[in-house]
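Place chain B on chain A using the hints.
Going down the list, the sequences are from chains A and B.
Counting from 4, one number per residue, gives the positions in the first sequence under the numbering used here.
Counting from 170, one number per residue, gives the positions in the second sequence under the numbering used here.
Among these hints, one or two may not hold up.
Dumping the calculated EDC-like pairs for lysine to aspartate or glutamate here, alpha-carbon to alpha-carbon at most 16 angstroms [stated by the list, open to error]:
no., chain 1, residue 1, chain 2, residue 2
1, B, Lys313, B, Glu211
2, A, Lys22, B, Glu283
3, A, Lys80, B, Asp217
4, B, Lys316, B, Asp239
5, A, Lys22, B, Glu250
6, A, Lys83, B, Glu242
7, B, Lys313, B, Glu250
8, B, Lys267, B, Asp229
9, B, Lys267, B, Glu211
10, B, Lys316, B, Glu242
11, B, Lys313, B, Glu283
12, A, Lys87, A, Asp36
Bear in mind the hints are in silico, worked out from the structure with no lab data behind them.
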Amino acid sequence: MAEPMRIRATMSGDVADVKVLMNHPMETGQRKDAKTGQLVPAHYITTVTASINGAEVLNGGMSGGVSKNPYLGFKVKGAKAGDKVVVNWVDNTGDKNTAEATIG
Amino acid sequence: MNALRRNVLKGAAGAGTVAVAVAAGLLKPNLAMAVAPRSAFEAKNVGDAMSAMGASSPADSKDITVKAPDIAENGAVVPVEVTSAIPGTTSIAIIAEKNVTPLVAQFDMLGGTEGYISTRIKMGSTALIRAVVMAGGKSYTAAKEVKVTIGGCGG
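Looking at chain A on its own, in the form it has when it is part of the complex:
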């Protein structure tokens, strides 16, 4: 099961600076296991979405080329302190995770 994801959102001027750290192995499907020589099956996040107070602000797609435990930073203009940020991801196995934070 997916590990928790961390979100930090802070205001700088009228722009919310959102930083997200997801917990995920991000296996490309091209790496070989050092012991068995078998390919490690692909297991990576395919979509990430973010919303603030229910309105979508970011809609993203990823391949296995994003590093393990993906980090994502983005900036949203017009958000306010106290607004609720929700981030969701879905991976290629159908596993998903969601987390929320309040802009501070």
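Then chain B, alone, in the frame of chain A:
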């Protein structure tokens, strides 16, 4: 899944909310569902990836900044920051040109999201990191070379 089917499915599930968002001026109707199809992420070369996401011949732009280290000691974790100063930026894609599947990530900016994305990517070898930005229905690009001393994609 092909692009059309994907849009049809999304349209069926999300038509209500999208209509509301469009009415409220939060989403631009023609760009609301622009995330690159999975075929773009699975493409094995830069040209195929770009055409799959509808940006086959982007124009070079000095308004895009690609921030990444000159030399990455560990190709498994290369920090990349893309800033687009192009007005009306709706999407940013990050491409590592020599990777087996070059398109690493692509993000649509909705609502008040600025033309900025920061993430960490894997690179198999020394290559250009290319940002492809969509703004006002046109595509723009800029690139930066990163030298990789230990690749992050193999075993």
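Consistency of the hints with the structure:
no.	hint	in the structure
1	Lys313/B x Glu211/B	violated, 22 angstroms
2	Lys22/A x Glu283/B	holds, 14 angstroms
3	Lys80/A x Asp217/B	violated, 33 angstroms
4	Lys316/B x Asp239/B	holds, 6 angstroms
5	Lys22/A x Glu250/B	holds, 13 angstroms
6	Lys83/A x Glu242/B	violated, 39 angstroms
7	Lys313/B x Glu250/B	holds, 11 angstroms
8	Lys267/B x Asp229/B	violated, 19 angstroms
9	Lys267/B x Glu211/B	holds, 14 angstroms
10	Lys316/B x Glu242/B	holds, 8 angstroms
11	Lys313/B x Glu283/B	violated, 21 angstroms
12	Lys87/A x Asp36/A	violated, 41 angstroms
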